[in-house]
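Line order of the protein sequences matches chains A and B.
Using the numbering used here, the first residue of the first sequence is number 150, and each one after it goes up by one.
Using the numbering used here, the first residue of the second sequence is number 150, and each one after it goes up by one.
No wet-lab data here; the hints were simulated from the structure.
Treat each hint with caution, since some may be false.
Note that identical chains are pooled: a pair holds if it fits in a single copy or bridges any two copies.
Claimed, not checked - Straight-line Cα separation of at most 25 Å, SDA-like style, residue types lysine to any residue; simulated pairs:
hint, residue 1, residue 2
1, 291, 336
2, 291, 396
3, 298, 203
4, 298, 337
5, 298, 330
6, 291, 378
7, 291, 301
8, 291, 252
9, 220, 191
10, 298, 248
11, 220, 206
12, 298, 333
13, 220, 293
14, 220, 383
15, 298, 379
16, 298, 223
17, 329, 216
18, 291, 394
19, 220, 359
20, 220, 326
21, 329, 292
22, 220, 292
23, 298, 288
24, 298, 253
Predicted model only: the values in this text are computed from it and were never measured.
Number of protein chains: 2
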Amino acid sequence: MSGRVIVAGLGPGAENLITPEVTAALADATDVVGYIPYVRRVAPRLGLTRHESDNRVELDRARHALELAQKGARVVVVSSGDSGVFAMASALFEALEAGPEAWRGLDIRVLPGITAMLAAAARAGAPLGHDFCAINLSDNLKPWSLIEKRLRLAVEADFAMAFYNPRSLARREGFDRVLKILRETCEPTRLILFARAVSTPEEALTIVPLTEARPEMADMRTVVIVGSSQTRQIPGTDLVYTPRGVSA
Amino acid sequence: MSGRVIVAGLGPGAENLITPEVTAALADATDVVGYIPYVRRVAPRLGLTRHESDNRVELDRARHALELAQKGARVVVVSSGDSGVFAMASALFEALEAGPEAWRGLDIRVLPGITAMLAAAARAGAPLGHDFCAINLSDNLKPWSLIEKRLRLAVEADFAMAFYNPRSLARREGFDRVLKILRETCEPTRLILFARAVSTPEEALTIVPLTEARPEMADMRTVVIVGSSQTRQIPGTDLVYTPRGVSA
Chain A
150 MSGRVIVAGL GPGAENLITP EVTAALADAT DVVGYIPYVR RVAPRLGLTR
200 HESDNRVELD RARHALELAQ KGARVVVVSS GDSGVFAMAS ALFEALEAGP
250 EAWRGLDIRV LPGITAMLAA AARAGAPLGH DFCAINLSDN LKPWSLIEKR
300 LRLAVEADFA MAFYNPRSLA RREGFDRVLK ILRETCEPTR LILFARAVST
350 PEEALTIVPL TEARPEMADM RTVVIVGSSQ TRQIPGTDLV YTPRGVSA
Chain B
150 MSGRVIVAGL GPGAENLITP EVTAALADAT DVVGYIPYVR RVAPRLGLTR
200 HESDNRVELD RARHALELAQ KGARVVVVSS GDSGVFAMAS ALFEALEAGP
250 EAWRGLDIRV LPGITAMLAA AARAGAPLGH DFCAINLSDN LKPWSLIEKR
300 LRLAVEADFA MAFYNPRSLA RREGFDRVLK ILRETCEPTR LILFARAVST
350 PEEALTIVPL TEARPEMADM RTVVIVGSSQ TRQIPGTDLV YTPRGVSA
């Protein structure tokens, strides 16, 4: 029997944001592989082995999934959100490319999911309703200079911006610098959304103008959305959106 | 009884990519409002009125939805993909902001969906696995000069790029210009994915280096993903991905 690997996004947290396609893949799996809190979102059942691993061992985890599949297992590698957006899909392909030739014959598929910025944007209104970009603020795998360059160019392009992994206990300085650069380059009324743990019981949304944004409003469970210059709040409501058009 | 408006994304086409949250909202709706082909994706049933409207009348459609809700209806405005990404959510908020004060008291919610670029990226591998941007190439609501400016800055930032609405019968020139600018600014081997109608029976994926990209590879049902300079194809496979890291 030949095995397979499915890389699947579980969405931001709520059960009702998991696609039926992913639910079906999990029901058919022999093995689930992933970071501890994501694997624990998959209910135990007879015939399913759950392999939990710690954060920052993505390549080991990917290799483990590929080895299991080579032995005939039907493996699902789980991420939160969408596995193709700052999650496990790229790690799996890095491991595949560096690994034994035989792995390339495995059946490998990626199933999309609701990524954090889309869940956060929907809760707030439609801040990503016009052109936008997504930047991972973690400098674990790229130099800070590249993050800063992209940030400055994104502001110049007047994209709305979604920031993933804005701040952790080990990385406090980066987001301080990001806010400083935004204060240098954007108008003080620029709207910023801090969306924490959207669709979970810990969900918290904060919308502030740039002048009131503080580093400690973000943590590892927060996605930050910075509006474009056109992003606005509808008076008398909490709704924030970016209009579809920009006049010539 | 007070009405409400839910703006919901139906995903790229397949039933099994519609979130249970959206399915539940549709089951509870009295009225569904949207562009003809999207409304037709919702099965008719007793107690549900389906309001189909043509393309490019988004503001009229949004006002209609708000009027129905004001009369007590439970309205779902449907988009394909995610309604917050180049779809109906921003149009609804534009109509809300310009409309009568009373509309601001309505219960209005946006439910996220699987947007085209995430479905396309998953099919190809993980081309959006590192920082990226999303640009609507239609110049119906913004000047071409702004599209060109954003494109050049996105290339300079070395984002992977997802292009929505790349080309239609009425807009043929824009995408020709986009390819021309990419040829001026990117290396000839840069990978481009043309993903048409992903998850529908008409799905077609084409992956080519920039030198082989042709304008007619895109149409209104295509999302185009241009890799970053780091995006690569795994030899011996069709898989395309962008590695997570960039070395300093």
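From the Cα coordinates, with 25 Å as the cut-off, is the pair residue 220 and residue 383 best called within, between, both, or neither? Between copies only: 22 Å across, 56 Å inside.
Alpha-carbon proximity between residue 298 and residue 337, which holds within one copy, between copies, both or neither at 25 Å: both (21 Å within a copy, 24 Å between copies)
When no copy is named, should residue 220 and residue 326 be tagged within, between, both, or neither for a Cα gap of at most 25 Å? Neither, since 47 Å and 49 Å both go past 25 Å.
Between residue 298 and residue 288, at a C-alpha cutoff of 25 Å, which is it: within one copy, between copies, both, or neither? This pair counts as within: shortest intra-copy Cα distance 13 Å, inter-copy 27 Å.
Between copies, within a copy, both or neither: which fits residue 298 and residue 379 at Cα up to 25 Å? both (22 Å within a copy, 16 Å between copies)
Pop the pair residue 298 and residue 203 into one bin, within, between, both or neither, using alpha-carbon distances up to 25 Å. Result: close neither inside a copy nor across copies, 31 Å intra and 42 Å inter.
Under a CA distance limit of 25 Å, which applies to residue 220 and residue 293: within one copy, between copies, both, or neither? neither (40 Å within a copy, 53 Å between copies)
Within, between, both or neither, where residue 329 and residue 216 count as close if Cα-Cα is 25 Å or less: neither (45 Å within a copy, 44 Å between copies)
My question is about residue 298 and residue 330: at a cut-off of 25 Å on alpha-carbon distance, are they close within one copy, between copies, both, or neither? both (11 Å within a copy, 21 Å between copies)
25 Å Cα cut-off: does residue 298 pair with residue 248 within a copy, between copies, both or neither? Neither: 33 Å inside a chain and 41 Å across chains, both beyond 25 Å.
Intra- versus inter-subunit Cα pairing at 25 Å for residue 291 with residue 394: So residue 291 and residue 394 pass the 25 Å test across copies only (5 Å; inside, 34 Å).
Given a CA cutoff of 25 Å, do residue 298 and residue 333 count as a within-copy pair, a between-copy pair, both, or neither? both (14 Å within a copy, 21 Å between copies)
Violated hints for the displayed structure, listed by number in ascending order: 3, 8, 10, 13, 16, 17, 19, 20, 22 and 24.
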